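Enquirer: Chain by chain, the residues run as shown.
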Amino acid sequence: MQEIEAIIERYGAQRRHVISILQDIQAQFHYLPKDALMEVAARVRIPLIELYSIATFYNCFSLLPRGEHIIKVCLGTACHLKGGTRLVEALERELGVREGEMTPDGRFSFETVRCVGACALAPLVLIDERYYPKMTQRKMTQVLARLRRPRPTAEAER
Amino acid sequence: MTKLRVNGIEVEIEEGASLLEAAQHLGIEIPTLCFHPGLSAYGACRLCVVELGDGRLVSACTYPAQEGLRVRTHSPRVMRARRMLIELLLSICPSSKRLQDLAAEHQVERVRFAVRDERCILCGLCVRMCAEQMMARAIGFVNRGYRRRITTPFDLRSEVCRRCGGCLYICPVCEARCQGVEAPSAVCGSCMTPAPTCPPVYEDLACYMGAAGECGTCVGGPRTLDSHSPTVAGRRVRV
Amino acid sequence: MRVRTLEQLRALEHELRATRDRKPCVRVCGGTGCRARGSEDVLGRFRAVLESEGLADAVEVKFTGCHGFCERGPLVSLAPQEVFYQGVEVDDVPAIVTQTLARGAVIERLLAQDPITGKRVRQEQEIPFYRRQQRIVLRFNGVIDPTDIREYIALGGYRALGDVLTHRTPEEVIEIIERSGLRGRGGAGFPTGKKWRLARAAPGSIKYVICNGDEGDPGAFMDRSLLEGNPHGVIEGMIIGAYAVGATRGIIYVREEYPLAVRTLQIALAQAREYGFLGEAIFDSAFSFDIEIVRGAGAFVAGEETALIAAVEGRVSEPRQRPPYPVQRGVWGHPTVINNVETWANVPIILERGPEWFARLGTATSKGTKIFSLVGKVANTGLVEIPMGMTLRELVEEIGGGALPQREIKAVQIGGPSGGCLPKALFDLPIDYESLTEAGAMMGSGGLIVMDDRTCMVDVARYFMDFLRDESCGKCLPCREGTQRMYELLTAMCEGRATDADLDLLEELAQVVKETSLCGLGQTAPNPVLTTLRYFRSEYEAHIRQKRCPAGVCKALIRYVINAERCTGCVACVQPCPQHAISGQLKQPHVIDQERCIKCGICHEVCQFGAVEIV
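Protein chains in written order, with my numbering: chain A, 76 to 233; chain B, 1101 to 1339; chain C, 491 to 1105.
Worth flagging that the hints you see were computed from the coordinates, not collected in a lab. Since the model is a prediction, treat every value here as computed from it, not as a measurement. The beta-carbon is built from N, C-alpha and C at its ideal position, and this holds for glycine as well. It is possible that part of the hints are untrue.
Which stretches of chain A does chain C cover? Using the computed rule of at least three CB atoms under 8 Å from a CB of chain C, they are [unchecked claim]: (1) 107 to 115; (2) 126 to 136; (3) 151 to 160; (4) 173 to 182; (5) 211 to 222.
For lysine to aspartate or glutamate, the following EDC-like pairs were computed, each having C-alpha atoms within a straight-line distance of at most 20 Å [what the hints assert, rightly or not]: (6) 1089(C) <-> 114(A); (7) 109(A) <-> 1255(B); (8) 1004(C) <-> 956(C).
Reference listing, derived: stretches of chain C covered by chain A, where coverage requires no fewer than 3 residues with Cβ under 8 Å from a Cβ of chain A [claimed, not checked]: (9) 707 to 713; (10) 794 to 807; (11) 936 to 944.
All chains, full assembly: derive it from the sequences and hints.
Expert: Here it is, written out as structure tokens:
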């Protein structure tokens, strides 16, 4: 794959760069396709199982395609104390999927993360890398409603 | 060469040798599970922990011998730790004769955790065997933490696996299944009997003749051996 | 432009300072918290308004690093008027320009209020939140634009480096750090000078210095604010450290959850190279050194030294046995010094102001200041820097402003998942390494989470165990299996299924996990359990023996009930209930059908009359 080759060239085909290479692939494709992993293993000349270990070990990698909108609920300590778990449950109810899964229509992926470093404004939810501070279940419902509207570029307001 | 004390006995050994080697040099046996002399030391099962003079517990297989170190291989803290580790192991994989034997040797008589009947304790011997001895690197660890397991890439048939069987050979828990374990208890206890039950049935002690766990006579319970029991390697076994 | 000598630097510093002091300046906080609340739009509006008023050249507008008072963001401060505004919204901007900037008149409602007198205060220093802090490492946050090295130089930046490379030997630098008493700010508190000395003595011509920016503790964002707010402070510290230790290469390891920090660092490193502070022959000396950024990929365990080294080498972050320690054999076998972000940031300050000055701050064994992220159930959340030795009470009450309305503070959690919970009774403890460790907690990297009477300590222990069983690398049995089993036991307690025997088992298991785990993660994993058992045993017993959660948190043990006397019958809670479990006519008290209720808490969230109670 040309794009994979370009990414490898960016850092150099050495083992110590595999994590950066995988991160760029993840950023571009929103997940790590199997073929991409096999190509990287071949080019960088590391056993496929070792690359697969790395891909499954770290949080930032996903081996499955992710949805159009990626919702991340922060479950850091401050966010947990201020109701983060309730937000997770609310999303599970609203989206009909468990955390870590994607809705069948491919529109939403929903994950939990451990601390995005904005703890003073707990509980935090990130939607497409945008921060929503002091979230409540009600606000979550409203934001989801806005995102669900069938517009090509749904703008989520704060 | 470095001088250190193990259980109060002085021993001299090459710099950089492990505490396990130092103890073995003195004939002191420390239980191990994930260690194998032909493979790199991994330090994962923690069964070989020993107590250092400063109070820390460290794995003997990976800790390097240092001048003046004081080591205790069977202190009360070490024994308590080993017992809990064995209890944890049994809760994962009760049907392993190796683990049941360890339990017997360490007086572990109960398992207080919910039992999961898995076939792997993640000791990593198979991974190291495949990588270091067979140079294949067909299997490895995936995921992290409580989700960690051993498999091939994408759980698919491996192209580099040569079907050598080394992983099966080296596995400490799948080599021999214990036949005595019955729910709900995860500890069989039959191997703890001081009087082996095979002599009345067979000519000699079956376990030491290489049929460990196969003859089935020491396995407790009301099941009996009779003419309908199948035979394995020429001997009647319970099923 | 390349700075080759100390004299050149001084001249540049004077020139830049004169220029910057000429113009008034609007400093908008660009920390993540304020950005999340719209400070980017505020900045944009300032630029737009100043442009339309014809003042674009007369007034400088810039983003600064996290200014600390996150609870009251977005924060805007004005120089030279020295006015501190909080909660600034986009629509406030025109008024600020026409009134404060143009006429020097303050806008009262944007000023902070003294919590006791109720008086509005104008300056940052008058606000109790700031007054009691000692902002030394954070001195440039809220003041300088982190993406412009000239602002750092204008305030004396890189002077310490120039002095070190012109006048001091590596040995002398190590000695200075030793005399200062600086201890690692990442959590363990290992004496920094000692670490450097060991690395210097280790054989090898290639050595590394690494900045540990993994900051995995949930609830902590000190390092983030330093990397984003004052990257040069960290960079300068690393260069000085590299010189002292004899390192040729440096790495800043930043967790991938901090993309802004990565971007800010990339800009800062490029500028440092441009000015000759990184690269060949720095300050015309024989010393050459450069730094690269390595991004984390999402693993808490990567904060552990040997696991971090594995990640840098392109492997999974699995720790290994120590010895050998990283200072002896680290990255690719070379001696490596790994220090935390805050530790590095202290270095240029110590070199500039002297180790004796530094040693006067803090206590006998814990010198200097410490940055904390003060979060949780407290009135003033944010980033604070205090001298070591301040009591927990002063931090939580005076700076933190005490409990939230109608609540009572119960405990603080310090040290993240490796730390512990300390009860209110111990709030007179001084904050220093030894006192906290003795009490069963740990200084940690600086996350300090306040908990009140609505926090269930059993739930907190379970939360941490859930975190740890997932973040454990999974290599060693006691950590991997032990954290999972502790989680199972704690879950049983939270769901009312546990017995006293389970409590004994939990304690026994916790002890073995602590003693036999391979690395720091596993060795400290039981701490949240052990400290909550030590200080809040009664809560555990209530869960086990009475099947009751005193704090009203554990869903299986609580019920949501509507107080008929307080209910006004407004029907506000009826529609949002996902289970349609609330019935009641307008103006009649409502009732929750307990069979249908899933205890999501939305009715509690929505009710304006406090009629929904947790029993």
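Enquirer: Does the segment 707 to 713 of chain C contain three or more residues whose Cβ lies closer than 8 Å to a Cβ of chain A?
Expert: The restraint on the segment 707 to 713 of chain C holds, since 5 of its residues have a Cβ under 8 Å from chain A and three suffice.
Enquirer: Given the hinted pair residue 109(A) and residue 1255(B), is their alpha-carbon gap at most 20 Å?
Expert: holds, 12 Å
Enquirer: Are 3 or more residues of the segment 126 to 136 of chain A near chain C, judged by a Cβ distance of less than 8 Å?
Expert: n = 7 at 8 Å, threshold three: holds.
Enquirer: Please count how many residues of the segment 936 to 944 of chain C have a CB within 8 Å of a CB from chain A and say whether that reaches 3.
Expert: Holds, because 3 residues of the segment 936 to 944 of chain C bring their Cβ atoms closer than 8 Å to Cβ atoms of chain A.
Enquirer: Using a Cβ cutoff of 8 Å, are there at least 3 residues of the segment 794 to 807 of chain C near chain A, or does the coverage claim fail?
Expert: Per the Cβ count (7), the hint holds.
Enquirer: Count the residues of the segment 151 to 160 of chain A with a beta-carbon closer than 8 Å to any beta-carbon of chain C: does the count reach three?
Expert: holds (count 8)
Enquirer: Counting residues of the segment 211 to 222 of chain A that have a beta-carbon nearer than 8 Å to any beta-carbon of chain C, does the count reach 3?
Expert: It holds, with 4 qualifying residues against the three required.
Enquirer: Do at least three Cβ atoms from the segment 107 to 115 of chain A come closer than 8 Å to Cβ atoms of chain C?
Expert: The restraint on the segment 107 to 115 of chain A is violated, since only 0 of its residues have a Cβ under 8 Å from chain C and three are required.
Enquirer: Going straight from one Cα to the other, do residue 1089(C) and residue 114(A) come out at no more than 20 Å?
Expert: violated, 49 Å
Enquirer: Within a Cα-Cα threshold of 20 Å, do residue 1004(C) and residue 956(C) meet the stated pairing?
Expert: holds, 17 Å
Enquirer: Is the coverage entry for the segment 173 to 182 of chain A by chain C consistent with the three-residue Cβ rule at 8 Å?
Expert: violated (count 0)
Consistency note: the structure conflicts with the earlier hints numbered 1, 4 and 6.
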